[in-house]
Each structure stands twice: as C-alpha cells, then as structure tokens.
Amino acid sequence: MIFTREDYSPAEYAKAWEPGDAVPDPTESLSAPVHESTAPDARPDAERIAEAVAKLRERVEGVSLREHGDPPFEGAVFDTSSHRWKKPGEGGHEVIGKGSSGEVTASGDRVYKNATRDEAKVYGLLKGVSGVADATEEGGKISLPRFKNIVSVDDVPQEKRKNLAPIVVKALPQIVNALTALSDAGYDYNDPLQVGFDKDRNPSLFDFSAANKTTREEAVSQNLDKMSAFLKEFGAERQAKAVSQVAATFRAIQDPENPFMEGEPETPDAKRIASQLDGKPAKYLYYSGNGREIPSVAQSESRDGIKVIASPTPLSDDFLKQWEINPVVHRNSASGGGNP
Amino acid sequence: MGATAKPPVEISPAVKQSIEAIKNPSARKIVEQGAAIAAAHGDEVPSIVVTLFKSRNIAMYSASNDKIFISSKTNSKSQAEFDKQVALGWWSQSNPVLHEMGHKIHSDAVGNAFDNTKNHQFSDAQKQAIKTKVSGYAATNALEFVAEVYAGDRSGKVYDEEIKRLLDIVTQGRVKL
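Chains A and B supply the protein sequences, listed in that same order.
For the first sequence, the residue numbers in our numbering are 1 to 340.
For the second sequence, the residue numbers in our numbering are 1 to 177.
Derived from the structure by calculation, the hints contain no laboratory data.
Cβ coordinates follow ideal geometry from the N, Cα and C atoms, glycine included.
One or more hints might be untrue.
To be verified - Computed cross-link-like contacts, PhoX-like style, restricted to lysine-lysine with a CA-CA straight-line distance of at most 25 angstroms: (1) A/LYS121 with B/LYS54; (2) B/LYS16 with A/LYS141; (3) B/LYS29 with A/LYS213; (4) B/LYS23 with A/LYS283; (5) B/LYS84 with B/LYS29; (6) B/LYS23 with A/LYS280; (7) B/LYS67 with A/LYS271; (8) A/LYS98 with B/LYS77; (9) A/LYS15 with B/LYS176; (10) A/LYS121 with B/LYS77; (11) A/LYS213 with B/LYS16; (12) A/LYS241 with B/LYS54; (13) B/LYS29 with A/LYS121; (14) A/LYS213 with B/LYS84; (15) B/LYS131 with B/LYS157; (16) A/LYS271 with B/LYS54; (17) B/LYS54 with A/LYS15; (18) B/LYS54 with A/LYS213; (19) B/LYS23 with A/LYS271.
Said to hold, decoys possible - Cβ pair distances, simulated, as ranges: (20) A/LYS160 with B/PRO8: 34 to 40 angstroms; (21) A/GLY263 with B/GLN33: 30 to 36 angstroms; (22) A/ASP198 with B/ASP66: 55 to 61 angstroms; (23) A/ARG117 with B/SER12: 57 to 63 angstroms.
Claimed, not checked - Derived list of chain B stretches under chain A, where covered just means 3 residues or more per stretch with a C-beta under 8 angstroms from a C-beta of chain A: (24) 22–32; (25) 120–132; (26) 154–160.
Full structure from sequences and hints, please.
Structure (structure tokens):
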C-alpha cells in the first residue's frame, strides 16, 4: 500500500485495506490549472495596454528588430507569421496571454501558441472532426480560431461557473464527439477540458497540450472522468452524475472480476452488460433515463434512474432519439474526418 | 543488500506475461523498472496487474493473491509526482512497485504475523528517527516501515544500526538488510 503525502490520511489508508468501502469519484481528476490563468483581467485598461505594448516592444526590439532591420515606420510591428512589418492592429500579433508553453498571441481571427508535446500531432489526427478546434501548425506554432468565449476553469471565475449549465449541456453532443475521436486516437486529454465558442456559439474542444498517449480503453476511462468533472464544474450535475456512472461501469466491464470492485454497484451492471455483449467490446457508451428494456442493446438495470448502455458499434441517431438515449462515447453520423 | 546479498534471479515467464499484458504505458514502465531492481537483488517478483482502486492508493501487495496491484490512474505525470514524494522526504525511493515488493518480502518472511505488524507501536522518538532516516511514510505504521526500508535499501540507501534494530524488532529478525 502506498500513498502520496497529499493523499495520505489514516482514514484513507484504512479504507484502502477494506475493499468495498468507497466508489471512485471521477471528479477527483479535476486538477488545478497547470498554466497561468487567462481569466478576465480586472486591471485598468491603461495598465493592461501598457503591459501588452511593453511585451510587444520587448519582442520586437529583442528579436525581430535584430533579424529584420529597422521598422519602416513608427509603431510598426513585425508579424512573425507573415514575416513582414505591419501597422499596429492591422494584422500584427497582439499578446493576449501567457501559458505554460509561452506567450499566446493573436492576429485577426486567429490565435497562435507554441506547440507542446503531442499537441500538433493530436490536432492533425483530429482534423475535420466536428467539435474539435480547427487548428493548423505554422512555423512551430499552433494556429487556432480566436474564440469569442471560452468555458474552462482557467477562464470562468468560480462564482459564475454554475450559470453556464445550459450552454454546456447544449454543447455536449459536440464535446462527446470530440472526446470520442480523441479516445479513438488513443489520447487522454489529461487536463480539465477547455471548450471554445465561436460567434455562432459553435463549441470546439481545444488545447491538447497535456494530451497523453495511451490505450483506447484507458483514454475512454480518463476522458469520461474529464467530461464528468467539466459538467459538474459548470452546473450540469445530472449529466455529470450519469457520465460518472457510465465511466465506472465501463471500467468494471474491463474487469468484472476485479476483487477491489466486489460489492460495488457497478459490478452487477458490468456483469450483466458483459454477458449481453457476449465477448464483443463495449466500444460505444450511452445512458438513458428510459425505464423500459431497450431492444437489441446491452444494458444495465436502471440504477438511480440511469441505465448504462454499451455497444460494439455506434447506435444510429434515429435509435438514440426513439429510445431517449444520450451518447457518452459516440461519433456523430456527420462528425467529419479524424482518426477512425 | 549487505552481507546477506542474494544472487540475481530471472523474472518467471508467468510474471513476465503479466507485465507484458499491462497496456497502460506509464504503469508498465514503472512496473518494469521496479521488477528489474527487485530481481537484480535476488527477490522473486510476483505477478503484477493494473487495477482500479476505490481509494487514492497508488499500489498494493495482496498476500492472499500473491500479486502486486498498480493503479490504472497511473499516467505520464505520475513518475514526476513520485519523484516529488522522495524530494519531500515522504517516500524512501520513487518506485511504488519496489515498495510493494517490500510488503511481499515481509509477508513471505513472517507469514501469518504479517497482518499483526500494523499494530506494532513505535515510540515518538522512534517515529522521529524513522521520519528522518527512512521516510515520512515509513513512520505511519510498522508495515510501511518495513516496505520503505526494503525499497530504500534496494535503491542503494544505507541504513544505520538503529533502523536495522527496529527492522529486527518489527519482523522478529526475519527480514534482513
């Protein structure tokens, strides 16, 4: 038995000796932000502008000026993406924040940041997938759409998060599609989810800077935890609980005889579903509040008003609608490209 | 392992198979490293499997199954977290599988007395010495003391007579460094 100092307590230690005591809480995976907050800056405009100008000046004078000679006119800004001088505010890069990978700049309707770890690769694998930000790699930088709004724990103050439940619930099909594509590619998002919204309120999952390559099963498990934590954080409690239940059942399906899960409610669910799947993988996951037996799909008994459904192939949109089934791991029929 | 050092042993094919079946790449790397160190010191490595813990436990040894379990939540950030535990003085070394090997060695050596070890009470002075010389986690109870001393020893740490004497008391002299 071994615990980190942060997680150790005599009670937690005792619990670990007694299988059957506690159900894993997927929301525990909601870690603290790993990069500097980009929450709205409360400082006076003049102060913020002065800092942005100073940063730009530092960059231009420190790097670009030496490489590209004197500016052709007063106040000119060197645009590193187009490699030419521009007037301020006319296509020049504006520093809009600072993350773990360095400065984040914006030019027009695009945002630029340094690519970290597998980020560029992940964007490439998910290219064209509905619900994933349309990103390109340009000169070692990731170019992303400049979102009108961002829903993330970094960007939304704690006291305002619960108010966003209707927006988050509406975006859920796109988030499910994006996370499923990510899991299919064998990547765990590995960070609290960040969802950007364009001017038409279309949602896009973005920032794969922490994404971690793993197996599909593990990616599904971890990504469902992130989804549940995100939903809970932004007020969609009912959906968060359902996703959490699906995630726990999915994990139990992987190993229905796991001695540490003995006595857990997920175990009979998992055994029932595994038996109905008859050796086929639980690749796509859903839940439903519909108490009736749904034909031709593997499903648990209804527990706390939620029935977990698993299928080796995606269920059709018509079937989902007919039986009031909510997708959790599922690709939309019109979800576009990406890695199968 | 001092005067009682054992020759290296091969990891058995069945155990190798259990390790090769681990799909989580981060967990597998940690398992392979821990198992290799233990085998190099002549310790028989049991089967190791990834599992889901309901607590925040990272790994455990089950004497009844003779298996080491490692958490399915192990990921690419875990090793850095484990290194931090050593830097904080909370762990004696950074591989949780090696720590669990300590429980196995202890359990194999003392048999049914293993479970009772948890009830052994250290004095405040002994706890302080353990915290300083072994690790913070070792001072939480006598079972963890044995595992932490074993893991630290296998990682190249050298413990003084006070720690060895405590190890003798706790294990009735059956686990030697």
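Falls inside 55 to 61 angstroms, the C-beta gap from A/ASP198 to B/ASP66? holds (56 angstroms)
Is A/LYS121 within 25 angstroms of B/LYS54, Cα to Cα? Violated: A/LYS121 and B/LYS54 sit about 34 angstroms apart, past 25 angstroms.
Has the given pair, B/LYS29 with A/LYS213, been kept, meaning a C-alpha gap of at most 25 angstroms? holds (14 angstroms)
Holds or violated: A/LYS213 and B/LYS84, Cα atoms, limit 25 angstroms. holds (23 angstroms)
Looking only at beta-carbon atoms, does the pair A/ARG117, B/SER12 fall within the given range of 57 to 63 angstroms? violated (36 angstroms)
For the pair A/LYS160 and B/PRO8, does the Cβ-Cβ distance stay inside 34 to 40 angstroms? violated (60 angstroms)
Would the hint linking A/LYS271 and B/LYS54 be met if the CA-CA limit is 25 angstroms? This hinted pair holds, its Cα atoms lying about 18 angstroms apart.
Do the alpha carbons of A/LYS98 and B/LYS77 lie within 25 angstroms of each other, as the hint requires? holds (22 angstroms)
Assess, step by step, whether the Cα of B/LYS131 is no farther than 25 angstroms from the Cα of B/LYS157, and give holds or violated. Between B/LYS131 and B/LYS157 the Cα gap is close to 14 angstroms, so the pair holds against 25 angstroms.
Under 8 angstroms between beta-carbons, do enough residues of the region 154–160 of chain B, three at least, approach chain A for the coverage claim to hold? violated (count 0)
Pair hint outcome, B/LYS54 versus A/LYS213 [Cα-Cα no greater than 25 angstroms]: holds (24 angstroms)
Quickly compare the C-alpha distance for A/LYS15 and B/LYS176 to 25 angstroms and report which way the hint goes. violated (30 angstroms)
The structure fails hints 1, 2, 9, 20, 23, 25 and 26 (numbered hints given earlier, in ascending order).
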